[in-house]
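*Asks:* Given the structure of chain P, go ahead and fit chains Y and W onto it with the hints provided.
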Amino acid sequence: MQLFRSFVKKEFYHIFRDVRTLLILFGLPIALILIFGYVVTSEIKNAKIAILDHSKDKITTEITNKILSSGYFILSENLKSAKQIEEVFRQGEVREVIIFEPEFSKNLSKTGQANVQIITDASDANTANLILNYTRAIIQDYSMSLNKIPAQSIKIIPQTRMLYNEELKGVYMFVPGTMALILLLVSAMMTSISIAREKEMGTMEVMLVSPLKPLQIILGKVTPYFVLSFINAVTILLLGVFVFGMPVKGSLILLLGESMLFILLSLSLGILISTVSPNQQVAMFISMMALMLPTILLSGFIFPIENMPPLLQWISHIMPARWFITVLKNVMLKGTGLLFVWKESLIMIGMTVIFISMSVRKFKVRLE
Amino acid sequence: MNTILHILHKEFIQIFRNKTMLPIIFMLPIVQLLVLVYAATFEMKNINMVVVDQDLSSKSRALVAKFEASPFFKIQQNTFSVKEAESIIKSDKADFILNIPSGFELGVLKENTGNIQLLINAINGTTAGLTNVYATSVIADFNRELIIESINILPPAIQQVINVEYSFWYNARMNYKIYMLPGILVILVTLIGMFLTSLNLVREKEMGTIEQINVSPIKKYQFIIGKLFPFLCIALFELAFGLIIGKLVFNIPLVGSLPLLFLFAAVYLLVALGIGLLVSTLSSTQQQVMFVSFFVMLVFIMMSGIFTPTESMPDWAQKVNIINPVAYFMEVIRMILLKGSGFMDIWKSFVLLFIYAVGIISLAIWKYRKVA
Amino acid sequence: MSKEIIISVQNLMKKFGQFVANDDLSFEVYKGEIFGFLGANGAGKTTAIKILCGLSTPTSGKISVAGFDAYTQTNKIKHNIGYMSQKFSLYEDLTITENFRFYGGIYGLNKKQIQDKTKQLLERLKLEDAKDKIISSIPLGWKQKLAFSIAIMHDPKIVFLDEPTGGVDPITRRQFWELIYETAHQGITVFVTTHYMDEAEYCDRVSIMVDGKIIALNSPKNLKNEYQAKSMDEVFLKLTRN
Chain P
0 MQLFRSFVKK
10 EFYHIFRDVR
20 TLLILFGLPI
30 ALILIFGYVV
40 TSEIKNAKIA
50 ILDHSKDKIT
60 TEITNKILSS
70 GYFILSENLK
80 SAKQIEEVFR
90 QGEVREVIIF
100 EPEFSKNLSK
110 TGQANVQIIT
120 DASDANTANL
130 ILNYTRAIIQ
140 DYSMSLNKIP
150 AQSIKIIPQT
160 RMLYNEELKG
170 VYMFVPGTMA
180 LILLLVSAMM
190 TSISIAREKE
200 MGTMEVMLVS
210 PLKPLQIILG
220 KVTPYFVLSF
230 INAVTILLLG
240 VFVFGMPVKG
250 SLILLLGESM
260 LFILLSLSLG
270 ILISTVSPNQ
280 QVAMFISMMA
290 LMLPTILLSG
300 FIFPIENMPP
310 LLQWISHIMP
320 ARWFITVLKN
330 VMLKGTGLLF
340 VWKESLIMIG
350 MTVIFISMSV
360 RKFKVRLE
Chain Y
0 MNTILHILHK
10 EFIQIFRNKT
20 MLPIIFMLPI
30 VQLLVLVYAA
40 TFEMKNINMV
50 VVDQDLSSKS
60 RALVAKFEAS
70 PFFKIQQNTF
80 SVKEAESIIK
90 SDKADFILNI
100 PSGFELGVLK
110 ENTGNIQLLI
120 NAINGTTAGL
130 TNVYATSVIA
140 DFNRELIIES
150 INILPPAIQQ
160 VINVEYSFWY
170 NARMNYKIYM
180 LPGILVILVT
190 LIGMFLTSLN
200 LVREKEMGTI
210 EQINVSPIKK
220 YQFIIGKLFP
230 FLCIALFELA
240 FGLIIGKLVF
250 NIPLVGSLPL
260 LFLFAAVYLL
270 VALGIGLLVS
280 TLSSTQQQVM
290 FVSFFVMLVF
300 IMMSGIFTPT
310 ESMPDWAQKV
320 NIINPVAYFM
330 EVIRMILLKG
340 SGFMDIWKSF
350 VLLFIYAVGI
360 ISLAIWKYRK
370 VA
Chain W
0 MSKEIIISVQ
10 NLMKKFGQFV
20 ANDDLSFEVY
30 KGEIFGFLGA
40 NGAGKTTAIK
50 ILCGLSTPTS
60 GKISVAGFDA
70 YTQTNKIKHN
80 IGYMSQKFSL
90 YEDLTITENF
100 RFYGGIYGLN
110 KKQIQDKTKQ
120 LLERLKLEDA
130 KDKIISSIPL
140 GWKQKLAFSI
150 AIMHDPKIVF
160 LDEPTGGVDP
170 ITRRQFWELI
180 YETAHQGITV
190 FVTTHYMDEA
200 EYCDRVSIMV
210 DGKIIALNSP
220 KNLKNEYQAK
230 SMDEVFLKLT
240 RN
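Chains as they are written, first to last, in numbering that gives the first Met the number 0: chain P, 0 to 367; chain Y, 0 to 371; chain W, 0 to 241.
Treat the hints with caution; some may be incorrect.
What the hints assert, rightly or not - Below are the DSS-like pairs computed for lysine-lysine, each with C-alpha atoms no more than 25 Å apart in a straight line:
id: 1; chain 1: P; residue 1: Lys-82; chain 2: Y; residue 2: Lys-347
id: 2; chain 1: P; residue 1: Lys-168; chain 2: Y; residue 2: Lys-89
id: 3; chain 1: Y; residue 1: Lys-318; chain 2: P; residue 2: Lys-44
id: 4; chain 1: Y; residue 1: Lys-18; chain 2: W; residue 2: Lys-142
id: 5; chain 1: Y; residue 1: Lys-366; chain 2: W; residue 2: Lys-14
id: 6; chain 1: W; residue 1: Lys-2; chain 2: W; residue 2: Lys-142
Quick caveat, the hints were computed from the structure, so don't treat them as lab data.
This is chain P alone, in the form it adopts within the complex (with noise of 0.2 Å):
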């Protein structure tokens, strides 16, 4: 025991002398969660249009009034042609173009009918598509204004009550999925890496040649991050609650646990990353690259699982993050308790014994 905690005294000595990455261990978890509260929106704001309009009367600068003044959208530039119109999309900027036909006004009170042409980049097929319905709201709202509503024979009423999230904010999306994110990623990178590397410098096998068990020796490299990401995982509640009002409905301690048990199985994965990596390089690019895109667009962190084809939904169910998220929001969001998510639960520890049993038979055959 006395041997056992000068080791893992050892292993903090090597965390705390890199001051550098210390900084990073601790500064990713703010960085992201500051990008994705204030940065990354799907929301449209500012989207940039262009305006052909052929008719330049009352009704059409109302219209361009009531488009340009919604929020949504900025004047990039009023073109004069037709032929205009692929230039600008070419040059990125615009996003849609709004065409109104000549003797917009005219037309509407001869005939009751005028034509407005919106063509959109479409490039962006999902911008597009929020970008158009944007718009022809907001006509469809000035179209109505100009009639008297003939008075309405039959009415269904929805009310619509969004649960969990009243105000439909995206921190309820984010803190789950960049906590998964940020305590995988560092958990698996941190132990493989530092693994791998005390067998690429050879001191992993005076370790394995001193008294210490094979155990005590994972325990001892383990530890130290193990602490680490609990504190990470706490700074990134706590900026969540905090900062962007996140709420905590379930139980903290079972948030917790949970959070400690993804740690433990992000930790195991690290430790059998390192055993199928012969060198530092091997183990980094593994834990990066296979884990990075992988957690971020299989876990249902920003793309719902449900849209996707059969066969991916499948391949999100071996993503340890997309059970961690759905813990996290049931405990945090919906506020249920062991009882909602103990089959998650399960499932991770499955995850953590499996991987641990693999990484021991693969140890125990690299050292016969």
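*Replies:* Chains Y and W only, in chain P's frame:
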């Protein structure tokens, strides 16, 4: 020149001899590209819903049938208690409850108003908003049918109508994949290039071989170029490979000029790899290098506009993006590939990145000390 | 023997902040001799050798190596010296031939010269058959000799050896010193640091450094006479005890 060739020769031998790294460099990104492009979609299909029909009338059934017929919704379960429905949402089996209270049909027939309730799981604000939009439009449709059915005539003609016609350019079928593929490709290519470069130099430091090079008369710039070029080649090769996959598997349009794209990509990669080199000249262990580059990359990627439009970002973030090379390339690769933008359309980004590349590589050369 | 001066050091000082690593060193090295640079670990040997190789700039003093100034002409110096460190800087994942090709290349040798030199040096080491072996698979003793051969591949005027025999068994060390003798015979000056005192006996002249200062400089024979010692080990002990 000869000296540089000797370094290149050596680097390429080392890269191709490393049997564990080769599949990681070449296979991993391609597999990820193939799989992940399918994942990146906001298209909503199969919103799982629970129906609580407490009215059990012909009208309520007709409304439920409307939802059933919509491509957006999938009825998971029917129940009679809102409580039970809410617990289904809690357990994540559905995201949307349609609650039709008893007396719905009566209300429609007698008072011309029927009240229903939509309960949406709004943890993901974006999808909740969309769910609401789709549900409302199904209900509006149903409403219109009811009007036609009951009065049996069209509603009185509205005097003035503004017709909105719309068209989607460059992507008429609204295929989100052709937008995401270049984005994911940029990230994969950058990660591979930048990390290989930065780890390579610091590895020579850790192994001690750098000392032997430092006592030789080799010039700093020769050494740095020799270290950049191989990884530039690998990254460009992967870009080409990724585009071929994109064309064959996802049928992404390659509208613009490919030489222009590769020219731009080369300049961009010089910046990205230059950052990698700079980081490694300032670090002494692989661990340090990788944490610093990881941090820089993650921030750059998240701010690059891969998932969300950059113009929606706050002003300060857009200013930060001036030094974010990923944001430049993310925009330009999509412009060239999908819209066919030419040099005149992207020259500003090109010039800025070029200056950036020269600056960052000079800095790396300057910071790389042959003198301890 | 003509005493042509090839390294001249006058009042060399090197400070790292408050710490003085080299304190007022002055010495000369003659062409073709084996010059031993002795001292305990941390005495300042490596710092001095780095300055002479142009890897580090001195704080003050007048230093010329192979006729070039250590402040302004470091690149000219580098053309004329070879260097082998205690780490034997070979690329572990390249073959013997590839290592020769690379290092020859960065010293500006052409293809023909590289091939000839590689052949000649491998013949001398009797390693022709192993030329396509990967470095990581060969014994430490071979690596050491190969690193030395690479350091003299471009026929430098001086070769600097920084603790070249660390971690090598006595027999291999003996063989290695034979290589050094041969090299010196060809007229290449050998500047070697070591903390093995028995190796000091092989040098033409040795300097002994303690705490950044040179406290003795002479041939081993003269030093032993001066301090009435049987071996260099004794000389060193007597010097450091004071």
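*Asks:* Please go over all the hints and tell whether each is borne out by the structure.
*Replies:* A quick look at each hint next to the structure:
This hinted pair checks out: Lys-82/P and Lys-347/Y have alpha carbons roughly 23 Å apart, not beyond 25 Å. Under the criterion of a C-alpha separation no larger than 25 Å, the hint pairing Lys-168/P with Lys-89/Y is consistent with the structure, at around 19 Å. Taking the CA atoms of Lys-318/Y and Lys-44/P, the gap is about 16 Å. The hint holds against a cut of 25 Å. Taking the CA atoms of Lys-18/Y and Lys-142/W, the gap is near 23 Å; set against the 25 Å cutoff, the hint holds.
A threshold of 25 Å between alpha carbons decides the hint, and for Lys-366/Y with Lys-14/W the separation of about 22 Å falls inside it, so the pair holds. Restraint check: the Cα-Cα separation between Lys-2/W and Lys-142/W comes to about 34 Å, which exceeds 25 Å; the hinted pair is violated.
The structure shown violates just one earlier hint, number 6.
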